[in-house]
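Those sequence lines, one after another, are chains A and B.
Position in the first sequence (first residue = 1) + 314 = the numbering used here.
Position in the second sequence (first residue = 1) + 5 = the numbering used here.
A few of these clues could be false.
Straight-line Cα separation of at most 20 Å, SDA-like style, residue types lysine to any residue; simulated pairs [unchecked claim]:
#1 Lys53/B / Gly699/A
#2 Lys53/B / Glu827/A
#3 Lys383/A / Glu470/A
#4 Lys53/B / Glu470/A
#5 Lys53/B / Ser813/A
#6 Lys857/A / Ser829/A
#7 Lys53/B / Met882/A
#8 Lys79/B / Arg960/A
#9 Lys79/B / Asn704/A
#10 Lys184/B / Glu102/B
#11 Lys53/B / Tyr702/A
#12 Lys162/B / Gly551/A
#13 Lys53/B / Ala147/B
#14 Lys53/B / Lys857/A
#15 Lys53/B / Ala817/A
#16 Lys53/B / Thr952/A
Anything over 12 Å on all C-beta distances counts as not near chain A; from chain B, calculated [what the hints assert, rightly or not]:
#17 Arg17
#18 Gly28
#19 Gly52
#20 Asp65
#21 Asp74
#22 Lys79
#23 Asn131
#24 Lys162
#25 Gln177
#26 Pro179
#27 Glu187
Note that these hints are calculated values from the structure, not bench results.
Glycine residues also receive a C-beta, built at the ideal position from the N, C-alpha and C atoms.
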Amino acid sequence: MLAEIGLGALWLAASLAGLQLLAGSFGLTKGGEGLAGIVRPVAIMQGVLVALAFAALIMVFVTTDLSVKLVAENSHSAKPLIYKIAGAWGNHEGSMLLWVTVMGLAGAFVALVERRLPENTMLATLAGQAFVSLGFYAFLLFASNPFVRMSPVPDEGAGLNPLLQDPGLAFHPPTLYVGYVGLSIAFSFAIGALVTRQVGPDFARAMRPWVLGAWVFLTMGITAGSYWAYYVLGWGGWWFWDPVENASLMPWLAATALLHSCGVLAARNALRAWTVMLGVVAFSMSMVGTFLVRSGILTSVHAFAVDPKRGSFILILLAIYIGGALTLFALRAATVTEGERFAITSREGALVFNNVMLSSILGITLLGTLYPLVTEAMGLKVSVGPPYFNPTSALFAMPMFVVLMVGPLLRWRRDRMARVGWVVALPLGLTLAGVVVGYAMGVRHVLPLLALAIAPGVVVASVLPLRGRNLLRAPLSLWGMVVAHLGLGVALFGMGCDSAFTAERLVALRVGEQSQVGPWSVRLDSVSPVAGPNWTAMEGVLKVRYANGAAQTITPHSRSFWVPPQTMAVSALLTRWNGQLYTVLGEETDGKVGTGRWQLRLWWKPFVPMIWLGGLLVALGGALALLSRVMQDLKRRTARTKGDERRARVAQLEQA
Amino acid sequence: MMAGDEKPRAPRWTLWLPLALFGLFVVLVVVGLVRPKDTTIESHMIGKPLPVFALRAAADGRPGVATTDLATGKPQLLNIFASWCIPCRAEAPVLGELAAKGVVINGIAIRDRREDLATFLKDLGNPYQRIGADDVSSVQLAIGSAGVPETFVIDGKGVIRYQHIGDIRPDQIPLILQKLKEAEQ
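Sequences are here, hints too, so could you generate the full structure?
Take a look at the structure:
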């Protein structure tokens, strides 16, 4: 019954999206104004219905209703509750439903609270949002229906990929999806503004909180995904430039550029066409990324949901939406002037540099991701990996970080380097000193050396905008920028340390034997079987000592899942303030239990947690900025209401 | 330089540029989607250490294969094969020749039956020092191999240095020896 309710709600939501598109479009025409009033309520109702459909899907997973095909194929009654819930989006159909749910809810939220823009721009925006949603509803209902029943009903489900049975991963996809799909709001705003030709500071101020919100989730999602790959895949790496990862990085880069150009548009009414284009590009990158991952057109090391037939469907949607939006842009942007001018040495100048660099990184990432496709079309197979991505992205990222040390200190419109000269000398000097110190410490590779040198400079420079201010009274948005930039420096430091100083060891130990990795000594105390809710494992007990400190115990597993039958190494990590010990237990090499040698892979990774700590700081910075914008907005709104009330009272008195 | 009231305007054609780039993208992926998929894919694992695995022995008289067996300081070959695979039969004498030249060859038998494998080795010779049984292709997938036969050159530290897709032909023996030599550095 629940499945039918879900499907019904989904169809209703899809029809309301159609109504929203029609009413929004006719509402903009002469004589159609009557329809304008229903657009916001319809958008809200659509959000409620699609959320209901999603709740129904979660419920069939929680109750393990095996007559629903998706449940039978992806779940199992013996799975812990949290993974039953996570199972709802750990597959293609469920994740697409999550996608339209986020789109619907975001649209409803905009309809509910956004009052800043002219009403006709809002109509166009909501119509645009409905137009995009419609395509994804069609995809869901005609090509990926999550509520299909199956007969006969199987006795038991097939289970969830063990790699996905991890608490971190349970909430990773929803976080990332809120980010990806949240950008659809920026896309719709851009379309709305192009249709009504109203691009200005107000448009940027209205769009900015939505972009910020999506960006915060995207940042958290990428950070969590990177940490998940780091400790679940057991390779000790944290970023692989895999198509799936690139698919999340590209919208993030576009959204980061968009945030910064929004700042310029809001404060100075410049970069109008550019900002609108980034609004289109950011969500387009979300869609392109999803397409690349879902269609199976690129071979990815961790593609969990691949289907080439569905790829064609998404491609058609892409062609309609991205092609349409870019055509609209080309037709209308000529009437949107670039806006105010500024000198190169100015806040705007630095932000333009930031945008050009971010766009370049986006470009080379897209190129690297698609390159195998290009060469394959010519009959040549290549795989593009870190040797391409690392240096090319650094080529643009490193200069960007240097400008980041200066930019936030500059004034809008026009400034002189001499004015900030002494202040920026500190981080820039630190960077130069960093190169020398790093080289003296034996770091010979260019990229780690640069990362280690630039990171302290970025950290110091990030707090410089606070100098001479009362810290308690500094605006929250300034704090947001400071924390986000600080996070970048911290993450960069972690990345540099990881590639410069990681020690790795692969050993085969008998019980009682000892090995050394970096400053750690590791002794294998015992290996014994343990059992979990839906797995059994061989548990290695390792006594580890840092330098000559006290012994600590960690327990890596080699875990066997029953459904689906699969063996997986579960790493054990020990975190200290200055780094992480990472251990993986492999198989027994030969002989019988108790006498054989066990494979152990050991890493000592100095300061590696800084990477994710930095990522979280970046997200926190975004959250602070968002909070500040929302508070400003509320204040402005209450002030206006009060003004209106006063005027109404005066009018009443005059009448009396 | 500030131009005051004069509003700058990008040349009109640049506004079409994003659409043109997107058009290129669509053409590219349509070609990619339409073209029949070639399933032999170069491993992403080249330059990476072998994944951790330990396979039980697949045949009498030869031990199984584990990651640690492949990091002995000397480059070795890791041959992915199966008794049911026809090109593997063609490859067997070539492997024998390599073994005769002193190359250490380890085998991983994919989804094989013990008795079939024994017949295969008896008929065609056994160039392998170790043979592991990979009954569910898990190791095969983990090292990035898409089919049988495939041969990996593993250096002394257990890092994958080269992947040979398909059977090694007699005229490719120098190539394999060359790759083994390169892996020594």
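Against the structure, the hints:
Distance hint between lysine 53/B and glycine 699/A is fulfilled; the C-alpha atoms sit about 12 Å from each other, no more than 20 Å. Pair hint lysine 53/B plus glutamate 827/A does not hold up; C-alpha atoms about 27 Å apart against a cutoff of 20 Å. Proposed proximity of lysine 383/A and glutamate 470/A is supported: the alpha carbons are some 11 Å apart, at most 20 Å. Straight-line distance between C-alpha atoms of lysine 53/B and glutamate 470/A comes to about 39 Å, which puts the hinted pair past the 20 Å bound.
Proposed proximity of lysine 53/B and serine 813/A is supported: the alpha carbons are some 15 Å apart, at most 20 Å. For the given pair, lysine 857/A sits about 11 Å from serine 829/A by alpha-carbon distance, which is consistent with the 20 Å threshold. Restraint check: the Cα-Cα separation between lysine 53/B and methionine 882/A comes to about 19 Å, which is no more than 20 Å; the hinted pair holds. For the hint pairing lysine 79/B with arginine 960/A, the CA-to-CA distance comes to about 88 Å; that exceeds 20 Å, so the pair is violated.
Among the hinted pairs, lysine 79/B with asparagine 704/A is inconsistent with the structure: their alpha-carbon atoms are about 30 Å apart, more than 20 Å. Under the criterion of a C-alpha separation no larger than 20 Å, the hint pairing lysine 184/B with glutamate 102/B is consistent with the structure, at around 16 Å. Taking the CA atoms of lysine 53/B and tyrosine 702/A, the gap is near 16 Å; set against the 20 Å cutoff, the hint holds. Our distance criterion of 20 Å between C-alpha atoms is met by lysine 162/B and glycine 551/A, whose separation comes to about 18 Å.
The straight-line distance between the Cα atoms of lysine 53/B and alanine 147/B is roughly 12 Å, inside the 20 Å bound, and the hint therefore holds. A C-alpha spacing of about 28 Å is found between lysine 53/B and lysine 857/A, which places the hinted pair above 20 Å, so the restraint is violated. This hinted pair checks out: lysine 53/B and alanine 817/A have alpha carbons roughly 15 Å apart, not beyond 20 Å. Annotation: proposed proximity of lysine 53/B to threonine 952/A is violated, straight-line Cα distance about 60 Å (limit 20 Å).
Residue placement check: arginine 17/B does not keep its beta carbon more than 12 Å from all beta carbons of chain A (closest about 6 Å). A beta-carbon of chain A comes within 12 Å of the beta-carbon of glycine 28/B; the shortest separation is about 8 Å. Not every CB of chain A lies more than 12 Å from the CB of glycine 52/B, the least distance being 8 Å, so the non-interface label is violated. The beta carbon of aspartate 65/B is kept farther than 12 Å from every beta carbon of chain A, the shortest such distance being approximately 15 Å.
The Cβ of aspartate 74/B does not lie farther than 12 Å from every Cβ of chain A; its closest approach is about 7 Å, which violates its non-interface assignment. Consistency note on lysine 79/B: stated as away from chain A, and its beta-carbon is indeed over 12 Å from all of that chain's, at 16 Å minimum. Consistency note on asparagine 131/B: stated as away from chain A, and its beta-carbon is indeed over 12 Å from all of that chain's, at 19 Å minimum. Residue-level check failed: lysine 162/B sits 8 Å from the nearest beta carbon of chain A, not beyond 12 Å.
Residue placement check: glutamine 177/B keeps its beta carbon more than 12 Å from all beta carbons of chain A (closest about 18 Å). For proline 179/B, the requirement that its beta carbon stay farther than 12 Å from each beta carbon of chain A is met, with the minimum near 23 Å. A cut-off of 12 Å between C-beta atoms confirms that glutamate 187/B is not in contact with chain A; the least separation is 17 Å.
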